[in-house]
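K.L.:
These protein sequence lines are chains A and B, in that order.
Basically my numbering = 1-based index in the first sequence + 159.
Basically my numbering = 1-based index in the second sequence + 159.
Since the hints were made in silico from the structure, they are not lab data.
Heads up, some of the hints might be wrong.
A pair holds if it fits inside one copy or across any two, identical chains being indistinguishable in the list.
Unchecked claim - The calculated DSS-like cross-link candidates involving lysine-lysine, where the alpha carbons are at most 25 Å apart (straight line), are:
| # | residue 1 | residue 2 |
| --- | --- | --- |
| 1 | Lys293 | Lys255 |
| 2 | Lys168 | Lys415 |
| 3 | Lys255 | Lys288 |
| 4 | Lys201 | Lys478 |
| 5 | Lys178 | Lys168 |
| 6 | Lys168 | Lys325 |
| 7 | Lys484 | Lys611 |
| 8 | Lys478 | Lys611 |
| 9 | Lys201 | Lys255 |
| 10 | Lys168 | Lys564 |
| 11 | Lys168 | Lys255 |
| 12 | Lys178 | Lys288 |
There are 2 protein chains.
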Amino acid sequence: MNKQEIPYKIYLEESEMPKAWYNVRADMVNKPAPLLNPETKKPMTEEELSQIFCRELARQELNDTDAWIEIPQEIRDFYRMYRPSPLVRAYCLEEKLQTPAKIYYKFEGNNTSGSHKLNSAIAQAYYAKQQGLKGVTTETGAGQWGTALSMACSYFGLDCKVFMVKVSYEQKPFRREVMRTYGANVTPSPSDTTAVGRRILEEFPGTTGSLGCAISEAVEAAASREGYRYVLGSVMNQVLLHQSVIGLETKAALDKYDIKPDIIIGCAGGGSNLGGLVGPFAGQKIRGESDVRLIAVEPASCPSLTRGSYIYDFCDTGKVCPLQKMYTLGSGFIPSSSHAGGLRYHGMSSVVSQLYHDGLMEAVTVSQTEVFQAAVEFARVEGILPAPESSHAIRVAMDEAMKCKETGEEKTIVFGLTGTGYFDMFAYQRFNDGQMSDYIPTDEEIAQSLAKAPRL
Amino acid sequence: MNKQEIPYKIYLEESEMPKAWYNVRADMVNKPAPLLNPETKKPMTEEELSQIFCRELARQELNDTDAWIEIPQEIRDFYRMYRPSPLVRAYCLEEKLQTPAKIYYKFEGNNTSGSHKLNSAIAQAYYAKQQGLKGVTTETGAGQWGTALSMACSYFGLDCKVFMVKVSYEQKPFRREVMRTYGANVTPSPSDTTAVGRRILEEFPGTTGSLGCAISEAVEAAASREGYRYVLGSVMNQVLLHQSVIGLETKAALDKYDIKPDIIIGCAGGGSNLGGLVGPFAGQKIRGESDVRLIAVEPASCPSLTRGSYIYDFCDTGKVCPLQKMYTLGSGFIPSSSHAGGLRYHGMSSVVSQLYHDGLMEAVTVSQTEVFQAAVEFARVEGILPAPESSHAIRVAMDEAMKCKETGEEKTIVFGLTGTGYFDMFAYQRFNDGQMSDYIPTDEEIAQSLAKAPRL
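This is chain A alone, in the form it adopts within the complex (with noise of 0.2 Å):
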C-alpha cells in the first residue's frame, strides 16, 4: 500500500459506527476479580452498587457474560456529533523518523473536553437521566473528565457538581471556565459543602486538596442528596465498557483497508482509553485469532503495573469506595509532581490488570522529560498538539519505528492519541524553558506504600 490508497485520516462513514459496545470480560478466561465491599469484604451487590451509581451502570459493572451492550440511539446520536474520530496515517511522522515502521493513531482529541472522555461521560449521562435523577457528582484532577461531564450533562439537562481539586482550580482557571459555560457548578475541594471537607480544611488549614479527597466530597455530595449519583471517567469496568468504542472504531477502519496492526499502545493511568483501545484486539488474541502486541505506556513517576503489586486496594484514599483487585502501588501513593495529571492514578482498571497478568499485554515506563521531547517532535510534523498523557503513547510508538529502521521490518504500529494538550501548556512552558524534572519512586516508597494495603 502507498500514499495514494491509504488516506492521511481514515474516517468511517456515520453507519459504520458500532452500534454495540464489546465487553471484553465476556471472552476473558480468567475474569476479573470481583469488586469487594469495603465492610463485609464480600463482592458487591447489584442492589449494593446502585447506591453508588445508576443502576443500569450496575450492571454493567457486573456483567461479565454479555460480549456486546447495545449503545442506545440517544447515544449513538450524540457520538454522531464528534465521532468517528479519525484514524491517522503518520506519514510525515515516518518521513520524518526515516522509518520503514507504518504508523497509525486514532485521535480522540477533536472534541471541546479534548479527550476520549466524552465516551463514557455521555453514556453516564444518560442512564441518569433514563433513570430520572436530578443530577451526578464527580471529582476532577486536571479537568479533562469533569469538561467532559459537563458537555454531557448540558446535553441531558442534569445539574452537574464538580468537586475539582483546589491547586487545578486555581492553576487551571480555564478549564474551570469551561465547565462553568456548560453549565456545571464547579467547586475547589476541599470545601466547606461537605463534612468530609470541613473535616480535612479543619485539619490541613493549608491544603491544596487531592483527587482522593475530592472524590470522598463528591461521593458524599451525592449520598447526601435525593435524586443524585457519583460517576467516574476511570478505573471501573463500565467506562472501560463505553471506552470500546475506540478500539472498535479502530478495528472497523484498519479492517476496512486489510491493515494487520503488529504492535497497539496506549496510555496507561486508570486504564479507560487503554482499555478501550486494545478491547477488541485482546479479545482477538484470546481467541486465537491474533497475535498482536499490546503495550500500556506508564510514567515512571507512576508506574502501577510494571511495579505495583497484584492485590485487592482501596480505589481511593479516603476508603469509601469498593476493594478492587488491580496492580497498585498503594491507595496512599503521593506521584512526584507530574504534567500528566490523567496518568497520576495509583491502580490501574480490573480488566487491563487483569490482561496484563495473564501475559496478553505489556507494558513500560518512560520518563517525562522523554515523553515532551517525543510530544514537541510529534506536534511540529504532524500538526496537533498532543495532550502530556497521550504523549506516552507517542514516545513509545516512536521508540518501536525506531527499532524498526534497525532491523528493517515494515511493522504497523497503532497508538492512540487520547487528547490535545492546549490547556496543558504550562506544562510544554517548563518544557520549552528546560525547567522539566524526572523523579522516579524508590523501592522503598512503593514498598511503604503497599504495607497499608488492606489485609483480606
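Mind docking chain B on chain A? Use the hints.
P.N.:
Same frame as chain A, but now just chain B:
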C-alpha cells in the same frame, strides 16, 4: 431530506478536495481597486510588492484575471493533515431552536492553530521556502495567526519571528507557548529589537503595544534581514485566495447532497474567512447562477462595512504598507476593548469591500453580549466551544433561523465556524460572571478617525 439521509458531518474524500484555489476577482465585473504606493500614489508593481512579499505571493496579490490557481502538491499534502474540514449539519441546534430552517456550519477549528488561519499560513510558508528564503516575520494580536504561521514554518523548516502585541503576550501566555513549542521566536511588541520599537518605547514608556506598532516592527525586521519577507494573515487578496479552500469544500459538500443554500454567513474582521467562504458563491451570483444571500457579520464595536467609508486608506497605523481602497473606519480607529481580537481591524479586504459595494453581499452588526449568549447556547447543544470571532456568525445564523420559525420557511442557512475558543476562556469568564460590556462608537468618533485618511 431527513436525519437519516444527511449525516451529522459531511466529510469529502481526500480525492474530492480542491486542487486549485478560486480567485473571485477574475469573475468580478468591478475589480477591487489597485494597491497604491504610499509615496508615489501609483499602483504597486509586482517588483515593488516583491520587496515586501515573496515573489509568487506578489503575483497572486495582483492577479485578477485567472479564476483558478493550482494548489502546489506540497500544500495539498499539508492540507490533508487537517482537511477536508467537516460541513456539519446542526441538528441539535435546529431542535433547540425549534426552527424549520436547516442549519449547516463549516468547521475550521479542528487543527492546533484553532482556526482557518492555517490555510493561508502554509501557502505563504511554502512560497517563502520555494524562493529560498531563510524566514518570515509577522505580527499577531490575539495569536491565532501567529500560531498558524509557527506551525507552517516549523513544517517547512523556516525561521519564524512573531511580534506579539505586548498586552496579549502577557495576558495570553499559553498562545505564546504554543508558538514557542513550534519553534517560533516570539517578541513582545513594542520591543528594543527594532528602531521603530525603540522609538515608541522612548515616547510611550509604559505602552502595552498595538497591532499597528507590531506590524511596523515586523515589516522592519523583515526589511533589515537578508532572506526574510513579511507575511500577514488577512486583508490581502492572496490570503482570500488561499482561504477559498473553505468555500470550495463547502460548495462541494453541499453539491454532493444536492443542497442549495439560501443564506451564507461569515464573521468579518479583515475578511480572510468571510472572503474565503463566500468567494465561490459570490462567483455564482456574479455569473447569474445563484441568488444566495451572503451576509457579513461585524462587531458593533468595529463596524467598518456598515459605518465606514469606501476610500483609500492606510492598512497599518505605521503607514508603511501600500494604500488600499476599502471600507474603513480610519487607520487610527481604536475599537473598544473586545474579546474578538480577530475582528478589531479598522478596514476590510478590498475584495469583500467591492462585493459589498456592488450589492452582492449584505452586512450586519451584533453586540458582544448577544454574541456570547449565542456562543454559550451553541456550545451546549452542538458540543463545540466556539471562538468569539466565529460566534458573530452563529448569532446571525440563529437570528435568521428564528425568522424562519416565524414565517415557517425551511431555509438552508450555512455559516462559517472559523475556530474554537480554548484560548479565549478569559472572555467566557467575563461573560459567565456577567461582566461583559458593549461599547458602540459614536458617529463623531468615526468621523474624527476618518478625517485623518490620506488625501489622494
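K.L.:
All hints, please: hold or fail.
P.N.:
For each hint, the structure was consulted:
1. Lys293 to Lys255: between (52 Å within a copy, 20 Å between copies)
2. Lys168 to Lys415: Close inside one copy (13 Å) and across copies (20 Å); limit 25 Å.
3. Lys255 to Lys288: between (48 Å within a copy, 18 Å between copies)
4. Lys201 to Lys478: within (16 Å within a copy, 79 Å between copies)
5. Lys178 to Lys168: both (22 Å within a copy, 18 Å between copies)
6. Lys168 to Lys325: neither (39 Å within a copy, 38 Å between copies)
7. Lys484 to Lys611: The answer is within: 15 Å in one copy meets 25 Å, while 76 Å across copies does not.
8. Lys478 to Lys611: Within one copy only: 12 Å inside, 71 Å across.
9. Lys201 to Lys255: So Lys201 and Lys255 fail the 25 Å test inside a copy (54 Å) and across (47 Å) alike.
10. Lys168 to Lys564: Classified as within: same-chain Cα gap 24 Å, cross-chain 38 Å, threshold 25 Å.
11. Lys168 to Lys255: within (18 Å within a copy, 32 Å between copies)
12. Lys178 to Lys288: For Lys178 and Lys288, the Cα distance is within 25 Å only inside one copy (20 Å; across copies 48 Å).
This entry does not satisfy hints 6, 9, going by the numbered hints stated previously.
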